[in-house]
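Enquirer: Each chain is listed here by its residues.
2 protein chains.
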Amino acid sequence: MPAKSATVISLHKRIRSEIEQHILTGEWPPGHKVPVEHELMATYDCSRMTVNKVLTELASEGLVQRRRRAGTFVSKPRPPATLLQIPDVKAEILALGASYALRMLSNQIRQSDPSDMRRLGVMTAREVLAMRYVHIADSAPFALEDRLIDLSTVPEARAADFTSDPPGTWLLAHVPWSDAEHRIRAINGDPEITGLLDLPANAACLVLDRQTWRGGAPITAARTWFPAESFHLVARFQPGSNAGKAHNNQA
Amino acid sequence: MPAKSATVISLHKRIRSEIEQHILTGEWPPGHKVPVEHELMATYDCSRMTVNKVLTELASEGLVQRRRRAGTFVSKPRPPATLLQIPDVKAEILALGASYALRMLSNQIRQSDPSDMRRLGVMTAREVLAMRYVHIADSAPFALEDRLIDLSTVPEARAADFTSDPPGTWLLAHVPWSDAEHRIRAINGDPEITGLLDLPANAACLVLDRQTWRGGAPITAARTWFPAESFHLVARFQPGSNAGKAHNNQA
DNA sequence: TCTTGAATTATGACTAGACAAATGCAAGCT
DNA sequence: AGCTTGCATTTGTCTAGTCATAATTCAAGA
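Which chain is which? The protein sequence lines are S and Z, in order. Terminal number for the first sequence in numbering that gives the first Met the number 0: 250, no gaps in between. Terminal number for the second sequence in numbering that gives the first Met the number 0: 250, no gaps in between.
Treat the hints with care, since some could be wrong.
Cut-off 20 Å, straight-line C-alpha distance, at most; resulting in silico cross-link-like pairs (SDA-like, lysine to any residue) [to be verified]: (1) Lys12/Z to Tyr43/Z; (2) Lys12/Z to Ser59/Z; (3) Lys52/S to Glu60/Z; (4) Lys12/Z to Arg67/S; (5) Lys52/S to Arg15/Z; (6) Lys12/Z to Glu56/S; (7) Lys12/S to Gly25/Z; (8) Lys12/Z to Lys12/S; (9) Lys52/Z to Arg15/S; (10) Lys32/S to Gln64/S; (11) Lys12/S to Met48/Z; (12) Lys52/Z to Glu60/S; (13) Lys12/S to Ser59/Z; (14) Lys52/S to Ile108/Z; (15) Lys12/S to Tyr43/Z; (16) Lys52/S to Phe72/S; (17) Lys52/S to Lys12/Z; (18) Lys52/S to Ser9/Z; (19) Lys52/Z to Ala58/S; (20) Lys32/S to Ser9/S; (21) Lys12/Z to Glu60/S; (22) Lys52/Z to Ile14/S; (23) Lys52/S to Ile14/Z; (24) Lys52/S to Glu36/Z; (25) Lys52/Z to Gly61/S.
Derived from the structure by calculation, the hints contain no laboratory data.
From just these sequences and the hints, can you work out the full model?
Expert: Rendered as structure tokens:
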């Protein structure tokens, strides 16, 4: 009988956070097989119900997937919650039945300057991949995107090919994230923006700022301009356990 | 020993959905005490672990709150997920340190016309409360709102006083919801809108369409216009178990 | 009256089993 | 080779308890 005294934190919480760590740090990448319940029983010297509780929780949150006889596997970074699907502009365009193309306007690897550091919310310099490109649907500009990727968090991005999949789609498919933030607002477009989107000067645009983290480390910061009137965001949801806090601000 | 054969659906799922029904239909209003675990054990003729699993799940999703010795209670409709806090414009304005006021432009109870029915997504006529008003922050227009409340779902709204709390705030505090949908877009405001918000003609606005349901029944449909540049929406979230599906559309 | 402290009660955590259901795999058959 | 079938593995669900912990209630004492 395992001693249970002196455990300040409950056992299942400890097991849970250890497994989460394995997944979040990338030590257990998507598709990796999590040890079966009997192994975890042995590892943590506890009963099956305890590890089952943990794995069931993680599965209900989508972090892992479980299949009888097969086992438990780390989920692929999921196309997720609420407003999150939107950043995959390529998938959205294809879903509309249009053809997708990417026009890269600029693309460089550089040391982060103060403005980059502010966008990523970090204090120290690092290498970043900075890009600006236009999403093209059926030969017409669909959205303009300005993106920064933190290469110290996502070194794989250095070798990624963004001609078939745009950076947002590539990141969704390859990098698991633990936190995200969206800022949405409307602007009267300035000539630089409207010009790239083939819009009349002063046309309204929907601007989506998106930032993601993995653990505490920044993954990417992106700003996307969508032409107004031709585009809107939809989100459906249940009250659920969303721990995220939402608020709005005046600039 | 309870028979477990012939149960096509698992026991804890059945218990769970029954309790959810009690809450969602309003039979167990916010603050209502859920039977203690031993009572539920007797009701469903099962072990404590089974009802505990159900109640723990519901608690983790925020539907109920549990306190040792006190018991389990239905949660107050929570100021919830992702972008949901935004609709409480009054709270947002007060949080900014400004004074709040409501200017009611129109307010009537009527049989729903075809346009109302489309907004609420229903096929049959019913009584609705239709309002248009401006949220005022420090004597200046902050947002314009057009709202429809389905009085067959929320008969209490008939007697509600919207001079201190605007309808959105009142609903958040009084009516639990099970589903919501947001549509967000930017528009170049037409003169009617910009006039009411003291904006130059053609100024960009952020438009938020919000609709909520309880069970399958519509609660309310609201459209809010926010001046661009002075306002943005922020949402932070984790990948979590958000069952909601999100997508975007072209109009 | 106010405070302290103990009894009570409900949840929280966990165990050590049980049987059911699904499914991947391999052995055997065609 | 391709197909079927049975078996072993793994998760899914559930039981009937134990001990721990928090918090409310209530009564005794200052």
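Enquirer: Could you run down the list of hints and mark each one as holding or not?
Expert: Structure-based check of all given hints:
This hinted pair checks out: Lys12/Z and Tyr43/Z have alpha carbons roughly 12 Å apart, not beyond 20 Å. Taking the CA atoms of Lys12/Z and Ser59/Z, the gap is near 15 Å; set against the 20 Å cutoff, the hint holds. Proposed proximity of Lys52/S and Glu60/Z is supported: the alpha carbons are some 16 Å apart, at most 20 Å. Restraint check for Lys12/Z and Arg67/S: satisfied, since their Cα atoms lie roughly 19 Å apart, inside the 20 Å limit.
Distance hint between Lys52/S and Arg15/Z is fulfilled; the C-alpha atoms sit about 17 Å from each other, no more than 20 Å. Pair hint Lys12/Z plus Glu56/S holds up; C-alpha atoms about 15 Å apart against a cutoff of 20 Å. The suggested pairing of Lys12/S with Gly25/Z is violated, with an alpha-carbon distance near 33 Å, which exceeds 20 Å. Restraint check: the Cα-Cα separation between Lys12/Z and Lys12/S comes to about 24 Å, which exceeds 20 Å; the hinted pair is violated.
Distance hint between Lys52/Z and Arg15/S is fulfilled; the C-alpha atoms sit about 17 Å from each other, no more than 20 Å. Distance check on the hinted pair: Lys32/S and Gln64/S sit about 10 Å apart at the alpha-carbon level, within 20 Å; holds. Using a Cα cut-off of 20 Å, the hinted pair Lys12/S and Met48/Z holds, with the two alpha carbons roughly 18 Å apart. Pair hint Lys52/Z plus Glu60/S holds up; C-alpha atoms about 16 Å apart against a cutoff of 20 Å.
The suggested pairing of Lys12/S with Ser59/Z holds, with an alpha-carbon distance near 14 Å, which does not exceed 20 Å. A C-alpha spacing of about 51 Å is found between Lys52/S and Ile108/Z, which places the hinted pair above 20 Å, so the restraint is violated. For the hint linking Lys12/S to Tyr43/Z, the alpha-carbon distance of about 29 Å lies beyond 20 Å, and the restraint is violated. Among the hinted pairs, Lys52/S with Phe72/S is consistent with the structure: their alpha-carbon atoms are about 16 Å apart, no more than 20 Å.
Only pairs whose Cα atoms come within 20 Å are accepted, and Lys52/S paired with Lys12/Z is accepted, the gap being roughly 15 Å. Simply put, Lys52/S and Ser9/Z have alpha-carbon atoms about 16 Å apart, close enough for the 20 Å limit, and the pair holds. Restraint check for Lys52/Z and Ala58/S: satisfied, since their Cα atoms lie roughly 15 Å apart, inside the 20 Å limit. Annotation: proposed proximity of Lys32/S to Ser9/S is violated, straight-line Cα distance about 25 Å (limit 20 Å).
Only pairs whose Cα atoms come within 20 Å are accepted, and Lys12/Z paired with Glu60/S is accepted, the gap being roughly 17 Å. With a C-alpha separation of about 18 Å, the suggested pairing of Lys52/Z with Ile14/S holds against the 20 Å cut-off. Using a Cα cut-off of 20 Å, the hinted pair Lys52/S and Ile14/Z holds, with the two alpha carbons roughly 18 Å apart. Only pairs whose Cα atoms come within 20 Å are accepted, and Lys52/S paired with Glu36/Z is accepted, the gap being roughly 19 Å.
For the hint linking Lys52/Z to Gly61/S, the alpha-carbon distance of about 18 Å falls within 20 Å, and the restraint holds.
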